[in-house]
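**Q** Protein chains in written order, with my numbering: chain H, 1 to 290; chain L, 1 to 254; chain D, 1 to 283.
Hints in this document: simulated from the structure, not taken from any laboratory. Predicted model only: the values in this text are computed from it and were never measured. Check each hint, because a few of them may be wrong.
[What the hints assert, rightly or not] Estimated spans, in silico, between C-beta atoms of each pair:
1) H:Phe28 with L:Ser27: 35 to 43 Å
2) D:Arg8 with L:Gln95: 49 to 57 Å
3) H:Pro42 with D:Leu187: 54 to 62 Å
4) H:Pro42 with D:Phe277: 52 to 60 Å
5) H:Ala196 with D:Asn3: 47 to 55 Å
6) H:Pro107 with L:Asn208: 41 to 49 Å
7) D:Phe277 with L:Asn4: 51 to 59 Å
8) L:Ala19 with H:Phe28: 35 to 43 Å
9) H:Leu270 with D:Arg8: 29 to 37 Å
[Stated by the list, open to error] Stretch-level coverage of chain D by chain H, calculated; a stretch enters the list once three of its residues show a Cβ under 8 Å from a Cβ in chain H:
10) 97-108
11) 170-184
12) 206-216
13) 254-264
[As the list claims (entries may be wrong)] Covered stretches of chain D (in silico footprint by chain H; criterion: 3 or more residues with CB under 8 Å from a CB of chain H, positions within the stretch not fixed):
14) 14-21
15) 29-35
16) 116-130
17) 147-159
18) 228-239
C-beta: ideal position from N, C-alpha, C; glycine also.
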Amino acid sequence: MKNWKEKIIRLLLVASASISILIVLSIFLFLGKEALPFAFDPGLSALWGTRWIPVSFKEELFGLLPLLTGSILVTVLATAIMIPFGVLGAVYIAEIARGPERDILKPFIEILTAIPSVVIGFFGLVVLSPIIKNIFHLNTGLTALSGAVLLALMAIPTVISISEDAIRSVPKSYKEASLALGAKRLQTIFSVIVPAALPGIIAAIMLGIGRVIGETMVVLMVTGNAAKITFNPMSSVRTMTATIAAEMGEVAFGSHHYRALFWVGIILLLITFGLNVIAQKVLKRYRTVE
Amino acid sequence: MVINNPKVETEALNFYYGATQALFDVSIRIPEKKVTALIGPSGCGKSTFLRMFNRLNDIITGTHHKGRVLVDGEEIYNNHVNLVELRKKVGMVFQKSNPFPKSVFENVAYGPKIHGIKESSKLMEIVERSLKAAALWDEVKDRLSSNALGLSGGQQQRLCIARALAVEPEILLMDEPASALDPKSTSRIEDLIGELRKNYTIVIVTHNMQQAARVSDYTAFFYEGNMIEFDTTEKMFTNPGNQQTEDYITGRFG
Amino acid sequence: MENQIKDRIILWLIRLFFYFIVAIVGYIIFDIVYNGLSTLSWEFITGFPRRSGAEGGIFPAIVGTAYLVFGAIIVALPLGMASAIYLSEYARTGRFTSLVRLAITTLAGVPSIVFGLFGLGLFVIFFGFGASILSGSLTLSFMILPTIIVSSEESLRAVPMSLREGSLALGASKWQTIYKNVLPNALPGMLTGAILGIGRAAGETAPILLTVAAFYLPRLPGSIFDQVMALPYHLYVLATQHPEAEKVLPMQYGTALVLLLLVIIFNLGAIILRNHFRKKIQW
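Just need the whole structure built from these sequences, with the hints factored in.
**A** Spelled out as structure tokens, the structure:
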């Protein structure tokens, strides 16, 4: 009697746990289902082009390269900003800041992860982009740089928190050995502790990059959305995420354009999935070494 | 030494944590309504052995065993054995007292409730009887509804004994029940064991030799997963048959 | 001596980097609060929008967000708790368990706009729910599922093993042990996760963009198959799509402030709850 009940409960729990697997599979399945017809007509080679002009009376063009370079430009810039701030921030929190300073400021910075991206985007639109426009004497402040600054800001708490864990899990003996040899505090931090924590810090940066590539609202609101191939930080760009968000609302279901947007989604999914898997592998190996 | 009609019995019992063997061919016959002490240096397998009798090692992943464990002559590692019935019959008290973060009353009533007793008068009766049997009633009768985590260490351990008694077990397993307690609380627990021996078969793990000598009728000495010797406590402590036992008891190692 | 001065300077540089971030966070919050406060009024919160959001209030967007969040949490909470119980109490190391874990970390990393595409493909089109509260809630629930699973599992694992052993040794079955002795002690932690999930669901824009959100719909929804306005989408529309975006700046700030307050309240609540119970339960 009781055994029955136990078995049913166990079954229900297994089923619930399986749902995560099911969701991941069906994300791939349904994105694929909507995207696939495009592979036969007009064919995948249409995606490999330098111009994205999905709505046109003459010829519709679905070249993803401008979107890809847009995402890459914003991501590279954001990463360049994120790394020094994130890593030094983690060093500061883990090794330099003391008691109350750390206890108050760490959660304060983590508020950033809670602020909705649309609010950050709004702030970028009304505060940051006018500043960038004035500093660099541009026609518009809606540039790749504006987006990158905000995206870096959003990813920094993640980078800080995971890097801090990595720094903290460096065995105390390393630090003591270095200090005992007469090394200074900073020398110890940068020649012993940070190198020992490097795998964890790299994983942290990768997860940060994953966040940056996948973020939608900020880039939609502040990068200007011009689909062109450029590597100028002061230029407007259009990222993959922003393209989906901006165009999916007005597209005809089942059209080439509609299916091309699903391809954009698949590419995004594969990139973030890859980054995630590698980051987890690095973190896992790192944790088992401890 | 011959023991007839043992309450608990093992035959050639081997136990493994993954690839590590923790028990080697242990065979023992534990008599009914006596106190049997398991002694030996830490890591010798005595606690593992104790946890075989209520199948609590089952919950550790990656373990398996060979050989037989019998309670009242019945193999307990058998697919159709009812674990609930087995653990009702074989109560356990742990090394570190582990009262649930509930009231004193709820702690003792936990077992009976699990086994289907619902009327509050009946529960009250069981709680009172169990707390009295654990010599705790006088100290807690006025605060049955306060949280058990507020009791002293010694009281918490006696509460855990009361909790085990409430399901009316026949066998009581005690895993170093006094190791975390002060001397006064320890002696109260030992007095209590002296009382309980009349009605229960008690198996107690201890690394305190004086304690084994004071409370037990029989003693088994374990070393590196083997049971080296098993005899009456009197014989073990006055005239052990094995050199290793003698070395351990006289404090030459361990 | 010279070295020491160099060290000092570097130390201060690091400090500067860190405080620069702190200052920016502070400024964002200050800017939104300072500019939004003058718009915030009873009428703004309880009123309906007029002239496509240029005047009036944001009540339908608040209600819409509340519906979406409620819908998301009643789906994600039971599923997430059950998954966490499985992972913490039942799962043995093996292929299925590592597959579940891989799925959860994958889900946590899926970009929110991809969740939107998925919701569009599955709920709006395949199941035919259309752009509706139902589609939006379900999409959001999948998105917050990993948050809830991870924090629930953490709080289950924080319950000491001795409580499980004590209960099992009394003859309680596995489920009785979990239900009566483990869950009550893990519940505060699980609720913390749920609240964080609510905060996240309330602020997300990209997934609801494609599955539910209405541009301008100054009335309350009649059923779960209706579209609704939602706070984050409303802010996006006012800031970028409104013909007089400059003039409605106060409305934008007001909406941003309400949204900010909402998520900060949820997060603070979660932190307070966690600290309260951490203090209370001492093993």
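**Q** Hint by hint, note whether the structure agrees.
**A** Taking the hints in turn, this is what the structure says about them:
At about 58 Å, the CB distance of Phe28 (chain H) to Ser27 (chain L) disagrees with the hint of 35 to 43 Å. The hint said 49 to 57 Å for the Cβ distance between Arg8 (chain D) and Gln95 (chain L), and at roughly 53 Å that hint holds. Between Pro42 (chain H) and Leu187 (chain D) the C-beta distance comes to about 55 Å, which sits within the given range of 54 to 62 Å. Between Pro42 (chain H) and Phe277 (chain D) the Cβ separation comes to about 59 Å, which falls inside the hinted range of 52 to 60 Å.
In this structure the hint that Ala196 (chain H) and Asn3 (chain D) lie 47 to 55 Å apart at CB is violated, the actual value being about 23 Å. A beta carbon spacing of about 48 Å between Pro107 (chain H) and Asn208 (chain L) agrees with the range 41 to 49 Å that was offered as a hint. Range check, Phe277 (chain D) to Asn4 (chain L): about 54 Å between beta-carbon atoms, so the 51 to 59 Å window is met. For the hinted restraint 35 to 43 Å between Ala19 (chain L) and Phe28 (chain H), the CB-CB distance of approximately 39 Å keeps it satisfied.
The supplied range of 29 to 37 Å is broken by Leu270 (chain H) and Arg8 (chain D), whose beta-carbon atoms lie about 48 Å from each other. Under a criterion of three residues with beta carbons nearer than 8 Å to beta carbons of chain H, the stated coverage of the region 97-108 of chain D is upheld, 9 such residues being counted. Coverage of the region 170-184 of chain D by chain H holds [criterion: at least 3 residues with CB-CB distance below 8 Å; count 3]. Here the region 206-216 of chain D counts 3 residues with a CB under 8 Å from a CB of chain H, which clears the bar of 3, and the coverage holds.
Beta-carbon proximity to chain H at under 8 Å applies to 5 residues in the region 254-264 of chain D; the threshold of 3 is reached and the given coverage holds. Using a Cβ-Cβ cut-off of 8 Å, 6 residues of the region 14-21 of chain D lie near chain H, which meets the minimum of three, so the contact claim holds. Taking a C-beta to C-beta cut-off of 8 Å, the region 29-35 of chain D contributes 3 residues in contact with chain H, enough for the three needed, and the coverage statement holds. For the region 116-130 of chain D, the proposed coverage by chain H is satisfied: 8 residues have a C-beta within less than 8 Å of a C-beta in that chain, meeting the threshold of three.
For the region 147-159 of chain D, the stated coverage by chain H is not satisfied: 1 residues place a CB nearer than 8 Å to a CB of that chain, which falls below the threshold of 3. Residue count for the region 228-239 of chain D with a Cβ under 8 Å from a Cβ of chain H: 5. That meets the three needed, and the coverage hint holds.
Of the hints listed earlier, those the structure fails to meet are numbers 1, 5, 9, 17, in rising order.
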